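**Q** Could you put together the complete structure from these sequences and hints?
In case you want the letters, here they are:
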Amino acid sequence: MRGVVGVLALQGDFREHKEALKRLGIEAKEVRKKEHLEGLKALIVPGGESTTIGKLAREYGLEEAVRQRVAEGSLAVFGTCAGAIWLAREILGYPEQPRLGVLDVAVERNAFGRQVESFEEDLFIRGFSEPFHGVFIRAPVFRRLGEGVEVLAELGGLPVLVRQGKVLASSFHPELTEDPRLHRYFLELAGF
Amino acid sequence: MEKGTFQIKTGFAEMFKGGVIMDVTTPEQAVIAEEAGAVAVMALERVPADIRAQGGVARMSDPKIIKEIMAAVSIPVMAKVRIGHFVEAMILEAIGVDFIDESEVLTPADEEHHIDKWKFKVPFVCGARNLGEALRRIAEGAAMIRTKGEAGTGNVVEAVRHARTMWKEIRYVQSLREDELMAYAKEIGAPYELVKWVHEHGRLPVVNFAAGGIATPADAALMMHLGMDGVFVGSGIFKSGDPRKRARAIVRAVAHYNDPEVLAEVSEDLGEPMVGINLDQLKEEERLAKRGW
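Chains as they are written, first to last, in the numbering used here: chain S, 559 to 750; chain D, 190 to 482.
Everything labelled a hint here was simulated from the structure, so no lab data went into it.
Given the structure is predicted, the values throughout are model-derived calculations rather than measurements.
Just so you know, even glycine gets a beta-carbon here, dropped at the ideal spot from N, CA and C.
Keep in mind that the hints are not guaranteed to be accurate.
[Claimed, not checked] DSS-like, lysine-lysine: derived pairs with alpha carbons at most 30 Å apart:
1) S/587 <-> D/357
2) D/472 <-> D/434
3) D/385 <-> S/591
[Claimed, not checked] Every beta carbon over 12 Å from chain D, so not counted as near; a handful from chain S, in silico:
4) 614
5) 623
6) 674
**A** Right, dumping it as structure tokens:
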């Protein structure tokens, strides 16, 4: 694969996403301000602390610029964990928390509990022939899915990987394992 | 379903990167830190500057205070235990703290041994002044490292020294031939396997934050330029004139450390910084960084 993908680099594990992209032959570009979005057709929002990422993205016009590009259909977005929370239309219990709102779900933060409850588990992802090792860290889950939101993986009956158009969101961290399949899936979704 | 694996612990630390972790002593301060954009808070009874001023034995904080802070914010909460005091760590794990700092800021409980951190589900961060010390802590199960700096001084010079030393030694390990690694491992008192990992990867196997003496947005950005993954701010925020503004400014300075225009903007009109201590005025026995082995 060839091309350039943006990685939101305000806070979180953006280095791991850059490395995952590099392994697929894709160049990663760090995005910190709205002008960095120019020319990009795909953006990854990393894991991190969702309240921090949300606050920093609201500044320097980045949140609005990403929202506009996704609405136009000219930008595909993949959010992992905190990144997924940022994409959601609603954050349960935290109505004031800054978010993009492009994914029609209500997300529940820390749905499995605090850090001592964080875990690893194999998942079955629709369309993948082999299980995918999921790393869940203070992970969220998706609740109240809107029309047009497709569930690609569940854990104990709870959606943990969802897609709506060119927006992809996971509760877990594919960037922390060396399995390239989910990044490749996103790149195909984005038209690479 | 596997919990408390090393991957889960180090992965959690990865999520703090590019962020600021702030010392807080009350739920109100924790809320200010969260609103400013902190990625986590360190719940304490006293900030290091007060521990230094008041003297006496500094211990783990009252679990009641830590639980109140955990209830006040949605971001992760860390808390400190004394070096080697594994029962304090058992208590913090039992109340559900997200990360434990085995810290030289508190009075050490063991002058020879650190905690066996593999025994815990909760991840640990430990201080280090150089590569050998960092790798010993990682071998004991630490999932995150921070520079020791010199806590409670508002003086960044020791954190800079520790960050530069760490990278200098990492670059040196990279320059060695493979058959020279064992002798170097012996010299710095670090496990061979970890020295070999650093030789191959050119960095520590876990996230490495700056800590100890960071008081301004410029200090925080300096530490990022020196290759640190993020910043702890102890006394620097709530011992300053306008904590709300300074906390916010330091968060922006870490995210945009490479953008001088943003740094200039956030450094403006922050009110009084904490009063600093020059290191040459500290007696040898007052230096916290010397604790830990």
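**Q** The structure should be examined with respect to each hint, and the outcome stated for every one.
**A** Comparing the hints with the structure gives:
no. : hint            : result
1   : S/587 <-> D/357 : holds (28 Å)
2   : D/472 <-> D/434 : violated (33 Å)
3   : D/385 <-> S/591 : violated (38 Å)
4   : 614             : violated (5 Å)
5   : 623             : holds (16 Å)
6   : 674             : violated (5 Å)
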